[in-house]
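J.: Sequence:
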Amino acid sequence: SDINIVQKVGDGGFASVFYGVYKDNEVAVKVLDKNESLAESFPEFRKEVSLMAGLKHPNTVGLLGLCMQPFCILTEFCACGDLFSYIASRRERNLPLPV
1 SDINIVQKVG DGGFASVFYG VYKDNEVAVK VLDKNESLAE SFPEFRKEVS LMAGLKHPNT
61 VGLLGLCMQP FCILTEFCAC GDLFSYIASR RERNLPLPV
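Everything in the sequence shown is counted per the UniProt record's numbering, starting at 1 for the first residue and increasing by one.
Keep in mind that a hint or two might mislead.
Unchecked claim - Per label pair, the in silico range of CB-to-CB distance: (1) V49 - S89: 26 to 32 Å; (2) R91 - S50: 20 to 26 Å; (3) G81 - D24: 20 to 26 Å; (4) I87 - P58: 17 to 23 Å; (5) R93 - V49: 19 to 25 Å.
As the list claims (entries may be wrong) - Cut-off 16 Å, straight-line C-alpha distance, at most; resulting in silico cross-link-like pairs (EDC-like, lysine to aspartate or glutamate): (6) K8 - E44; (7) K23 - E44; (8) K34 - E44; (9) K8 - E26; (10) K8 - D82; (11) K56 - D33; (12) K34 - D11; (13) K23 - E76.
No wet-lab data here; the hints were simulated from the structure. Glycine is no exception: its CB is placed at the ideal position from the N, C-alpha and C atoms.
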């Protein structure tokens with residue numbers, strides 16, 4: 001494996017997300033949970049890969065690749081965290097969201 005997994009940074013509905021390094025670039029590696037039913041989680045995994053493959057914009061996290069064994073998605077790493085947490089933290093402090 002060319003991906004160096006450094007640490008776990010989060011959990012989602014069907015996967016865990018790790019911070020790693022791939023070819024000297026910071027990456028996020030979303031790995032499908034082994035304990036999840038493949039019949040239930042794989043369609044979500046496939047849908048996410050398909051959606052990300054179609055997104056090409058400087059303000060979105062880019063899809064860098066995927067792996068089938070184990071099922072994982074490799075994306076650019078966003079050091080500021082996920083969008084949901086960003087929005088929630090601004091709301092808690094009553095700060096407007098920049099548009």
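J.: Now tell me, hint by hint, if it's right for this structure.
T.: Verification of the supplied hints:
Judged by the Cβ atoms, the range 26 to 32 Å given for V49 and S89 holds: they are separated by roughly 28 Å. At about 31 Å, the CB distance of R91 to S50 disagrees with the hint of 20 to 26 Å. Distance hint for G81 and D24: a CB-CB separation of about 22 Å, consistent with the stated range 20 to 26 Å. Our hint of 17 to 23 Å for I87 and P58 holds, since their Cβ atoms are close to 20 Å apart.
In this structure, R93 and V49 break the distance hint of 19 to 25 Å, their C-beta atoms being roughly 34 Å apart. Only pairs whose Cα atoms come within 16 Å are accepted, and K8 paired with E44 is rejected, the gap being roughly 21 Å. Of the supplied pair hints, the one linking K23 and E44 is violated, its CA atoms being roughly 28 Å apart against a limit of 16 Å. Note on K34 and E44: the hinted pairing holds, with a Cα-Cα distance of about 14 Å set against a maximum of 16 Å.
With a CA separation close to 13 Å, the supplied pair K8 and E26 stays within the 16 Å bound. Of the supplied pair hints, the one linking K8 and D82 holds, its CA atoms being roughly 14 Å apart against a limit of 16 Å. Only pairs whose Cα atoms come within 16 Å are accepted, and K56 paired with D33 is rejected, the gap being roughly 27 Å. About 13 Å separates the Cα atoms of K34 and D11, which keeps this hinted pair within 16 Å; it holds.
At most 16 Å may separate the alpha-carbon atoms for a hinted pair to count; K23 and E76 meet this at roughly 12 Å.
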